[in-house]
Structures are given as structure tokens and as C-alpha cells.
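> On the provided structure of chain A, position chain B as indicated by the hints.
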Amino acid sequence: MQANSANMDFLVGSMEILQGMPAIPSLSVFSDLAVNFLEDLSRELINDKNARAYSDVISFAYWIRRASLEKAKTMMTDGRCRIGRGVALHIAPSNVPVNFAVTMTYSLLSGNCTVIRVSSKPFEQIAIICRALNKLLSGAFSSLIPYVCVVRYEHSDEITAELSAMCDVRVVWGGNRTIAQIRKASLPPRAIELTFSDRHSIAIINSDEYLKRDPEKTAKDFYTDTYYTDQNACSSPRLVVWTGSCVSEARERFWSYLDRLVKQDYNLRPIQSVDKLLSLCLLSASGQSARLVSSDNYVVRVEVDHLSPELMNYKDSGGYFFEYTAKDINEIVPVLTKSCQTITVLGIPYKDVTDVVVNNGTKGVDRIVPMGMAMGIEYIWDGFDMISSMSRIVYFPQ
Amino acid sequence: MIDDFNSIPPYSLAKAEKEAMLLKEIKERIAFHRENCKEYNNILNTLNYSNENCTQLSQVPFLPVRIFKEMSLKSIPDEQVFKIMTSSGTTTQVASKIYLNKQNALLQQKILLHLLGDFVGKKRMPMLVIDTKEIIKNRKLFTSRGATVMGLEFAARNMVFALDENMRLDADVVSDFLDKYGQNDFLIFGLTFMVWKHLYDAIEERNLSFDLSNGYLLTGGGWKKLVEQAVSSEEFKQRGKKLCNLNRYVDHYGMAEQSGSIFPECPCGHLHASIYSDVITRRFEDFSPCEIGEPGIIQVISVVPHSYPGNSLLTEDMGVILGEDDCPCGRKGKYIKILGRIKSAEIRGCSDTYASKFS
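These protein sequence lines map, in sequence, to chains A and B.
Using our numbering, the letters of the first sequence map in sequence onto residues 1 to 398.
Using our numbering, the letters of the second sequence map in sequence onto residues 1001 to 1359.
In isolation and in its complexed conformation, chain A is listed as follows (with noise of 0.2 Å):
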């Protein structure tokens, strides 16, 4: 670390300690001293007044509970033996404030040393959890000292670079741009990368179960999933497929309630509106055939006749929804492409899904949970097993 290094500004550890990090020992998978210190974190945000105000900061502080993190632990311990890989670089998305935190936590429960490139803009979330993390660090965890740096840099290609040349892993979120320009920086040879790309999702609703179920709790959970959001991260639902015998009148209550929902409590801004119609334009030029099925600009649905791999091309975020009515589940297959992450469901038993997936041998699909999970954090991202691939194992016969 030499060119531009004086560009970097350390939000927790230091230049020294980021210097240091290729000869700091690795520790073993879900090691004490890890869990440890996450179990106080998890307090100390907890208890911090100032945190309360930012429900995916306390989100956060609950996922790292002991009680949370033994349950992990335990699809872990299967005999074998499991170690940090060393140096792990992540960089971290720019608007969702939290991930750079959830990323340290797969990094520091595999193992390994832990360099987190924050965005610039200045969240107060990021600044919440790093003086939580100073203050363990400074007082009962000063053992942990080696294993954590949080910087801030304006885009450097330099100091990227430099950051990937001395990294075993190579974590980066923020989608398909960003990846590109990462990537630009090489590897070591042994190092490995996981790159969390650009993803759409979809919601499945089986329309007698949806009549049976409380039609309020139903739209607060899909708004959890989509405007809380403004329906953009990867795993907000973007296509609503129905599915069943009732699927008019669960239609109409389905849209009915999150509407009044939306009208109360998210802020649509004009330029959502604007963005929405031309979405709409782009997608009927394109010669899709649609219909515009709603009146006003806070939930946009487009109702589409069938599916096809380019219809997610024309996605749009803050309350646009395609819809399409499914005789067969097998009919959703053609937007299963390789960007397709998340399926919600409601009324739709999971094995459904994993048959379409697996008898179609479709790229996509990475996660099926139910309505209102759509923004949970889990230690199965993307495809992968977090702490498993960003750790090794010593291999011997058992």
C-alpha cells in the first residue's frame, strides 16, 4: 500500500493494522472470539439509543444474537475442519447501508481478516454500527484489533489495486458496474471472488390460499418486500404471477389493500411517476403485448399475456408490478433466467418451485421464501454459503 493510500480514510482500524492483515493468523469457522464480539455487538446496538430510529440497523443487531448465531453454527459443524482463507477485501454496495456490515459478519464467522470498502455517501447507519464496533474494539476486543478495517475512498482504480493484491477473497456487491470496474483490478492466484450482480425477483400467489389468509398482514408484508425498498433491491418482487381458481376477486383485494397501504405511507416523489410511464413505453414499443390495468402512479400494474426472458429488461422500481395469470406453475420457467434471484411465495409449497427449477434446469432462482421475507438476511446469499466459501477446509478421511 503506497500510491494514493493517503486518499484512504479509516473508519475503524488504521493504515498500520490494514498493512498487517497478510500475516495476522486466520481463525477457525464461527471461532468464540468472532461470536463473541458479535454477541456484544449485537447488545451494544441493541441498547444504543440512537440506533432505534433505523430498523435495519436493529434488524441487523437481532440476526447477530447468540441464539441466532449458535443456530448457524450448527449447519456448520459437520466434522470437518474449517479455517479463515486470510485477507478478505469487500466492497460494499452504495445504498443499502447495513450490507457492509452483514458482509463483515460472513467474513469475520469464516475466518477471515476483514477490509470493508464503505460507500461515500455518509449514512448514518454506517456511522452508528462503527462506533459500536470502535468502542468493542477498543475496550474487551482489542484482540479482534488485527482483523478489521473499514475505509472510505473516492473510486480509485490505484488503491483497489492495491486493496485486491494482497486479498485470499474478494467480496463485491453493488451490481453488474461495479463488478465490471472491480474486476479491472487482478487477483492473486489462490484468491477467490464472489460478485453479487444485478438480480430481479418475483412474488407467486396462489389465490385460494391468498382468500384465506388476513388480507392486511398479507399487504403489509409484501410492501416490506417492495416499497419499503422503493423496490429496488435484487430481491423485491417485480412480476406478480397468480396462480388458482379465484384469482380475480384476490386480485382485486390483493391491490385494493396495498394500495390503500402505499397511499399512506410511502413517499412516491414525481419522478417515480415519470420513470414508471416510460418503463411502461419502452416495454409496449418493444412489442410486448400489455395492459396498463391501474389508474394512478403509486401502484403501476401491468398486466402481460405471457412471459418472456426480455419482459424483466423493462423492470422499474418505487411500485411497478407485471402480472400474469398461470394455468401450470411450469409457465413462469421463461423468466427464470440467469438473473432471477428470489421467489416469494404465498400458498405455493416450496417443493413446487424447486420441481420447476430443477426439471427445467433453469439458470436462475437462488431462493424461495415466503411473502414478507424478501429482505432477510441469511447465511445462504445469492447461491452461496457465505461462511463456507469464504473459508477453507483441511481436508482429511472421515
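What follows is a list of derived Cβ distance ranges for each label pair: (1) Thr-1055/B to Pro-349/A: 48 to 54 Å; (2) Glu-310/A to Glu-1035/B: 23 to 29 Å; (3) Ala-6/A to Gln-1229/B: 29 to 35 Å; (4) Lys-1343/B to Pro-22/A: 44 to 50 Å; (5) Met-1167/B to Pro-309/A: 45 to 51 Å.
Once the Cα atoms are required to be at most 27 Å apart in a straight line, the calculated DSS-like pairs of lysine-lysine come out as: (6) Lys-1343/B to Lys-263/A; (7) Lys-1241/B to Lys-1337/B; (8) Lys-1343/B to Lys-121/A.
No wet-lab data here; the hints were simulated from the structure.
Computed from a predicted model, the values in this text were never measured in an experiment.
The beta-carbon is built from N, C-alpha and C at its ideal position, and this holds for glycine as well.
The following block gives chain B in isolation, referenced to the frame of chain A:
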């Protein structure tokens, strides 16, 4: 027929009469584009639009103006393309592409002159352009900045470019121009920020002395850059008066996607819709039309586009309709005020804005 419009003074029709004439003409355009532009027809099908059910201008479907940046839309065969006009692209990276045939290009110029004539008189005047000759050199692919200049070439006797190829004010050229023409009415044309930077700044810095009191300063566009420097329209006029005795200003609102049917500013400071165009402000919640005095997203309607389906566009500007048919200046039609651009949104989610820094 568009010729019916050309024979009428451009600000002479009151609401009912204007709407009837405009609606009929717009529906003809829509029918033509629908037949000749497949993509446009697809869009209208999705919007479930039919001419038969359209009984007022507010029901005319609108395309978001940004669509011309995203795709090519034209209603003429390739071999009829006479020129492709691009938006200036000064503040955005991607430029709109507007396909014009010869007739449409001529019509734009004709209408521009018809409208400006109402503000500066019909006689041809010499024109000083606060820009460089370079902007009109490449005629096949040129910008609206160049296009406006070209359009005015008709109106002008002896068009003179005041800036050299390095965008520096050539004081000798300006002095010669004023010696020759400064005793009578003449035109000055430039984008607001170009006038501010390359005329006003140069006069001040180099201590030049010009008397532009017989000039009409035509400006249009380029306010965004001045707004960034917190320069108001009043300040702009005061500085011009102080530095070079400029008293007559005709700003306008307009866009490359609807060249020709501009909205010039009258001495009351109001931007006027002519018989060739109309303006509707819309609520972002559901795109319903706003009341007079209620700010909304500006939709512009124009009879000018013939070779591409740009007759009704939803802009990304916010504005307010101040009144209709009752401006103290005597011009009929709606008059408006522009409030600025719609703010781009800080969107949450995984896909990155960090990436945009790379480009």
C-alpha cells in the same frame, strides 16, 4: 391542415376556438404516427388509446420526453431522414435523437419565425450570435443549439458569430457589427449561460464598452447552469443593462423534441403558448391535470412534429399555468412559469449509484 395555422396571428385564438383547431390537428398527427411508427402504435395500444374517444386535449396521450434518449422513434422511412437533431446534452450524458425530414425541418423554422415575429417584429434584422461558427458546421448531426441558430438564419440578415473557435469573445467582430448595424434594431442570440459567461464576463474582465441598446437579446435554454450559480433572471437582465445597455430580452421555453413551437417570454415575464402548441400541468400522483396556479409536471403539445411521434410529451420540468387568454400583454392562450427540473430520486436498493461515478 397546418397551413390553416400559418395564416392566423399566432396568439390570436381564445380557448374554445384554439382547442378545437389544435385537437383536430393533433388527432391527425396521432393517426399518421400510429400508422407509420410501429413502436408508437404499440404504446398507444398498451395505453388503450383511441382517437374516437378523445374529445379534449387533456385526453391526448403523452410520451415521456426521455423516451427519445432511450430509443429511435420515427414515422418516416430511413431514406427520407434529412437530419437528426440531438438535444444539447449539456447537462445529461445521453442526447435525444430527433429524426427530421425536409418538410418537418422547414416547418420548424417557419413556425419559429412566425412566433418570434410577434415579439421582435417581422422585418429581417442582422443578428449577433453569442456562440462560435463551429456549432453549425456539422449539419447532418447537430444540436438544438445549432438548430435554433439555423432556424434564425432565415430571420436574420447577416448572421455574425461573436466567439472564436476557443469560445473567446472577438471584440473586433462585435465592434464592426455595431458600427455597421448598431443604429437600428438588431438581434442577439445566445444561451443564457453563454451570454453570461462569454459576453458579460468578457466585457467586464476586458473592460470593453459596447452599446447594445438597439438589440433584442433572444435567449433560451442554458438556465440550469446559471441556476447552479444562483443567478436569477432579474440579475441576468440587470447585469446586461449595466454592462452594455441591453434592455430588450426575449427568453423562451422549448426543447429539441418540439423545436419550432417555442414558448417565448413577453415583457410581463410570462412564457406564452401559441396556437401551435398547448401546455398542461399534471399531478404526479395520477397525472390528472392541475388547476391554473397549481404546480405540476409540464406536458407540452405541439402540431409541429410530423416525422416523429413527438406531438404530446411529458417533460421532466415542473411548472405552473399562470392564466389563460388574459395576460396583460394581450396575447391569447395559456401563459406559464417554469419552476425547475423534477428532482432525481435517491433510490434505495442493491443496484448501485456508486457505479455511476465510474462512467
